[in-house]
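Chains as they are written, first to last, in our numbering: chain A, 14 to 526; chain B, 40 to 160; chain C, 896 to 1380.
Treat the hints as calculated values from the structure; they're not laboratory data. Predicted, not measured: the structure shown is a model, and the values here were computed from it. Misleading hints may appear alongside valid ones.
Covered stretches of chain B (chain A as the covering partner; in silico rule of three or more C-beta atoms under 8 angstroms from a C-beta of chain A) [claimed, not checked]:
hint : segment
1    : 53-66
2    : 99-107
Listing some non-contacts, in silico: residues in chain A with all C-beta distances to chain B over 10 angstroms [what the hints assert, rightly or not]:
hint : residue
3    : Leu68
4    : Ser145
5    : Thr244
6    : Val318
7    : Leu333
8    : Gly362
Every residue, glycine too, gets a C-beta built ideally from N, C-alpha and C.
Here are the chains, one letter per residue:
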Amino acid sequence: MPELKLPDIDYAALLPMLILFGAACVGVLIEGFVPRSVRNMVQLVLSLAAMVAALVFVIRRAGEVTAENAATIGGAIMIDNMGLFMEGALLVLGLVSLLLFGERTLERGGAFVPHAAVTVGSERDREQAVDSGATEVYPLALFSLGGMLMFVTANDLLTMFVALEVFSLPLYLMCALARRKRLLSQESALKYFLLGAYASAFFLFGVAMIYGFAKGVDFRAIHEAVRGSETSPTLLLIGLALVAIGLLFKIAAAPFHVWTPDVYQGAPTPVTAFMAACTKAAAFGALLRVLYVGFDGAKWHFTPVLGAVAVLTMLVGAVLAVTQTDLKRLLAYSSVANAGYLMVGLLGGNKDGLSSTLFYLVAYGFTVIAAFALVSLVRDADGEATHLSRWAGLGRRSPLFAGIFTFLLLAFAGIPLTSGFMAKFGVFGAAIAGDQTWLVIFGVLTSIVLAFPYLRVVVMMWLSEPGETTPSVSIPGVLTSAVLGIGTVATLLLGVLPGPLLELADQASSFIR
Amino acid sequence: MSLSAYIPIVGLFALAAAFGLFSVAIAPFVGPRRFNRAKLDAYECGIEPTPQPIGGGRFPVKFYLTAMLFIIFDIEIIFLYPWAVSFDMLGLFGFVEMVLFIVAVFVAYTYVWRRGGLDWD
Amino acid sequence: MVDLLLWTLALPLVGAVIALVVPDAPGRIVSVVASVLTLVAVVPLGFDRPAGMWHELDIPWVPAFHLRLHLGVDGISYPLVVLTALLTVLCCAYSVWHTPAPGRGNVLGALLLVIEAGILGTFLAQDLVLFFIAFEVVLLPMAAVIAVWGGEGRRRAALKFALYTLAGSVLLLVGVVVVVVQADTADMVKLTESPTLPATTQLWVFALFALAFAIKSPLWPLHTWLPDAHTEAPTVGSVILAGVLLKMGTYGLIRVGIGVTPEGFAKAAPVLGVLAVAAIVVGSLVCLVQTELKRLIAYSSVGHMGFVLLGIATGSAVGLQAALIGNIAHGVLTGLLFFVAGAIKDRAHTGQLAELGGLRERAPWLAGILGVAALGSLGLPGLAGFWGEAFAVVAAYQRGGLLWTVLAIVAAVGAALTAAYLLRMLRRVSHGPVAPALAAAGEVRWPEAVAWAPLILLAFVLGVVPVLVVDLAAGAALISGALGR
Chain A
14 MPELKLPDID
24 YAALLPMLIL
34 FGAACVGVLI
44 EGFVPRSVRN
54 MVQLVLSLAA
64 MVAALVFVIR
74 RAGEVTAENA
84 ATIGGAIMID
94 NMGLFMEGAL
104 LVLGLVSLLL
114 FGERTLERGG
124 AFVPHAAVTV
134 GSERDREQAV
144 DSGATEVYPL
154 ALFSLGGMLM
164 FVTANDLLTM
174 FVALEVFSLP
184 LYLMCALARR
194 KRLLSQESAL
204 KYFLLGAYAS
214 AFFLFGVAMI
224 YGFAKGVDFR
234 AIHEAVRGSE
244 TSPTLLLIGL
254 ALVAIGLLFK
264 IAAAPFHVWT
274 PDVYQGAPTP
284 VTAFMAACTK
294 AAAFGALLRV
304 LYVGFDGAKW
314 HFTPVLGAVA
324 VLTMLVGAVL
334 AVTQTDLKRL
344 LAYSSVANAG
354 YLMVGLLGGN
364 KDGLSSTLFY
374 LVAYGFTVIA
384 AFALVSLVRD
394 ADGEATHLSR
404 WAGLGRRSPL
414 FAGIFTFLLL
424 AFAGIPLTSG
434 FMAKFGVFGA
444 AIAGDQTWLV
454 IFGVLTSIVL
464 AFPYLRVVVM
474 MWLSEPGETT
484 PSVSIPGVLT
494 SAVLGIGTVA
504 TLLLGVLPGP
514 LLELADQASS
524 FIR
Chain B
40 MSLSAYIPIV
50 GLFALAAAFG
60 LFSVAIAPFV
70 GPRRFNRAKL
80 DAYECGIEPT
90 PQPIGGGRFP
100 VKFYLTAMLF
110 IIFDIEIIFL
120 YPWAVSFDML
130 GLFGFVEMVL
140 FIVAVFVAYT
150 YVWRRGGLDW
160 D
Chain C
896 MVDLLLWTLA
906 LPLVGAVIAL
916 VVPDAPGRIV
926 SVVASVLTLV
936 AVVPLGFDRP
946 AGMWHELDIP
956 WVPAFHLRLH
966 LGVDGISYPL
976 VVLTALLTVL
986 CCAYSVWHTP
996 APGRGNVLGA
1006 LLLVIEAGIL
1016 GTFLAQDLVL
1026 FFIAFEVVLL
1036 PMAAVIAVWG
1046 GEGRRRAALK
1056 FALYTLAGSV
1066 LLLVGVVVVV
1076 VQADTADMVK
1086 LTESPTLPAT
1096 TQLWVFALFA
1106 LAFAIKSPLW
1116 PLHTWLPDAH
1126 TEAPTVGSVI
1136 LAGVLLKMGT
1146 YGLIRVGIGV
1156 TPEGFAKAAP
1166 VLGVLAVAAI
1176 VVGSLVCLVQ
1186 TELKRLIAYS
1196 SVGHMGFVLL
1206 GIATGSAVGL
1216 QAALIGNIAH
1226 GVLTGLLFFV
1236 AGAIKDRAHT
1246 GQLAELGGLR
1256 ERAPWLAGIL
1266 GVAALGSLGL
1276 PGLAGFWGEA
1286 FAVVAAYQRG
1296 GLLWTVLAIV
1306 AAVGAALTAA
1316 YLLRMLRRVS
1326 HGPVAPALAA
1336 AGEVRWPEAV
1346 AWAPLILLAF
1356 VLGVVPVLVV
1366 DLAAGAALIS
1376 GALGR
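Please work from the sequences and hints to get the whole structure.
Okay, here's the thing in structure tokens:
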């Protein structure tokens, strides 16, 4: 029998992913063998160490990328500058949100419940409500992050699909683990799972269509087929539309955003922070690669349609945010609107579009993690008090935290001297340079609409009298304080001195085909 | 190619159909007549269709758990088949890779074992 | 001298931070000290006057966005900068003596200083992106001042103010981004000297700028945030709002609108002129039926800014200089009017004209100052307001053509109407029998006198020697040069 020709595998380039997967497996073993009392600490330390190690290797690789050594595993993974930047961003944001996972001082046993599938209201559920929480979330989060790293560096659509599933399935499970409001949590997990499964199915069907058009699923083959094809583009457009649906679901673009408010509200707040920052970043990284590397020849076809999707997203996010009465749902709709702004940058179609989107993803990630960290601090006897009316008068009770939250909301609104302004300025400039001025017009109009709910929360916090039902802001533990500090400082720094990150994003905005 | 190669298949089809029809047709004439209420009930995989139990008739979830665990390890075995067949062609690289695969699934097995997923009750 | 520009921005900001962290009473003193130091830093900027930009400072900040810390002062911005610093000193001093409920005068002082830093940044910015940032920074502290220390309907007024101005800001953002991307630079000096944008782009970019600045100025019909904001704001808030914030709009129209997109301006000028005159007439007519003192003064601002905008719209050197003098005069006089109105409201606990009367019998000095402010505001020759109103009309008439002549005549009629409503207000408040509300009204107290004295002095001085501001406005010639008029 002939010897098989093996693909060359660049282990050094793949180390970040391998470290995360390996640490996750070790984490699962720890679940089995380490006694419960120390399990949380051990898992937390292991996960943080793994992420730091992976980040170190990403940074080491950063200077060594060339066109020849970027592709690996037979062209299935492409570790180019863009991929490295996204990996680094995902690892940093994942590190910050993982600190939230470990917080156990706000609630006895932590934010997670030991068993997700116990019937709500039963005897067993009451027992587990006071037990120490599930520590499986750490290996699950590591698997998810590893999958995200693979997602943004995938060089063909099948690898991308595998990575999509790898990073989504742990997230579905983690959503069901909230300690309070169990029914809502289980409902959100089920919704996310079902809708996510449909979206993945659409994605796979699209891959099949594209294979039919391009006779291959890797981006180089697709790119050449799109460029040089004389056959009718029907199959291509159908395939592209279906693949886009799968990806637009993950970035929470309208009309595929319907899962976002329910899932963000029902999931445990650390998981929401993780999803809002990292899932969005990973999905956008993949969308950028698909559109810029694989399908850039079809730009004239997809730009108007995706532009319409972006406009719809911004409108839906902004208008529906105005009507929200629950803070987590408000932040969810704001997340939808921000996906719209990110798409505006993406559709600029040039290098500026890429780098501005990358900057926006990082800036937004820090701000949203800090915002959710603060939401987890406002509690009463029943858990988090997320209804807007409960936040009235918080400025009198805890001026520091109200001040921080005001600053974060201003960053979301895009007020100057915050990272949100620099990010918006970047994406709007890129869109105008790419002849998509109509997107910018809608972008600014929806900004005005979106400013209203933020200002309303700010006014409510500072100018209303606190009632008897106004909860107090819990004193945060070390981990939550660290997250709040990092997020707020990053928002301020990127608003006043965005230069270094902008340059980094600019250097990173190059794909290798 | 000649269609005559298909004649044994047609023959087998005819035999199978005949056997089935014969068995069903002859049962009322040859079998004893012993009335048993349970035999006249509609069959629903062991569940009583009516009356509907309160709460919707819950299954113990351990049935699903066993089935899903079976599927996972069955798929692992399925992946082992083609590797086993072309083992010599894949060389050392294939061996190490398959060991890693088995180790990964073994980690999951350890977790299930330690967490009590393999206990029936 | 160059570092002075950085000091003018750094001093208010540092003062604001310190005033926030120290307790109430010392915080108010800190804010006064900071504002005085800022005034001291600002005045020397006008000592040295070469051609072009008098002082410049250019530090790169975010090269990727063409954002540079590019500050500069010349004849157009210097009077406004001095006015800002002066009014902030007076307001901080006033709030040392009297801060309305709920107190916390140090926070009020800090917010006033942040607003000052933002306004100074707007007037000094020579980089479009920096201009926008400073423009937007002013918004939220001003809304906070109205929302916390204001009157009955303060929350609604503050929210309206914030959203309206935010809407204008985002339109400005689009215009700025378009210019920066197309011209590949944000340097306002360069853009003014050699405008490179094509004519159609200039037209609709100017439309965006005009909308944004029209909301700020405010220009009828985008003025509806103004009456509520002014009426509900505390005294110092109204003074800053009317005295300086409105000037950001007209200044922006001149510096950015005319400077960066002159061809767009040239095409849109007639529309601006018509709207300006409409503002004068509508403002005056509405004022004639007003029943509340502060609201009347608020609507009078609409009318006065109409004159300023008419002067700008003519696009001639005379018109622009009239606009610039009118800006300063309005700032001084309306600032004074709001101070006095606030004092009257504090004494009478009402602002309804029907409930006021006979002030000159109880507090003749107070009535006298009110009279001076009102007469200056209506454009009596000898006081500051005359030059702005008269020469705006003259410039419109000099422009020639049917439209502009008609506009000039209507504006003159509007000036008469201005006189009508201001005299009506004066008669109601200071003449006639003493109203019960004013029965216990006290005379002008010395802290008030100290706060108002500079403004009264300026009202007289600028009326007699407008050359001070006119000469400085030689920079207006720079811009008219760009228009080739």
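Exercise for the section: Could you tell me which of the numbered hints above are not met by this structure, giving the numbers in increasing order? Expected result: Checked against the structure, the hints that fail are numbers 1 and 2, while the rest are satisfied.
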